[in-house]
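Please construct the entire structure, taking both the sequences and the accompanying hints into account.
FYI, the numbering for the sequence shown is 1 to 84, going by the UniProt record's numbering.
Hints are computed from structural coordinates only; laboratory data are not their basis.
One should not assume that every hint holds.
As the list claims (entries may be wrong) - The calculated DSS-like cross-link candidates involving lysine-lysine, where the alpha carbons are at most 30 Å apart (straight line), are:
hint, residue 1, residue 2
1, 41, 59
2, 2, 59
3, 3, 59
4, 41, 2
5, 3, 41
6, 23, 41
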Amino acid sequence: MKKVNVYVTLRESVLDPQGSAVKGALHAMDYTEVQDVRIGKFLELQIEEGTRDLDQVVKEMCERLLTNTVIEDYRYEIEEAVSQ
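This is the structure:
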C-alpha cells in the first residue's frame with residue numbers, strides 16, 4: 001500500500017481572490033509581515049499497488065479528475081503507507 005500526497009495550487013498567472021481575502025484579514029489582525037497568500041488543496045490517497053506504473057496512474061488521476069490543468073498546477077509525493 002502506498003500513500004500519495006497531492007498538492008494542487010493555482011497557477012501564478014491566475015488571480016486568487018481567496019488568497020487576497022485571507023491576506024487582507026491577516027493584515028487586519030496585524031500580521032502585516034505576510035506578503036502574499038495563495039490558497040490550494042491537499043489530497044491524501046491510499047493506493048494499492050497493482051500491475052500498472054503507480055507514478056503514471058497518479059499523474060493520470062491528477063490530469064483527468066483531481067486538477068483543472070488549465071488554471072492549476074500540481075505535484076505529488078509517493079511514500080510507503082504506515083500501517084496502524
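Hint check results:
1. Restraint check for residue 41 and residue 59: satisfied, since their Cα atoms lie roughly 16 Å apart, inside the 30 Å limit.
2. Straight-line distance between C-alpha atoms of residue 2 and residue 59 comes to about 15 Å, which keeps the hinted pair within the 30 Å bound.
3. At roughly 14 Å between alpha-carbon atoms, residue 3 and residue 59 fall within 30 Å of each other, so this suggested pair holds.
4. For the hint linking residue 41 to residue 2, the alpha-carbon distance of about 20 Å falls within 30 Å, and the restraint holds.
5. In summary, the hint linking residue 3 to residue 41 is supported, as the alpha carbons are separated by about 17 Å, within the 30 Å threshold.
6. Pair hint residue 23 plus residue 41 holds up; C-alpha atoms about 17 Å apart against a cutoff of 30 Å.
In this structure, none of the earlier numbered hints is contradicted; all agree with it.
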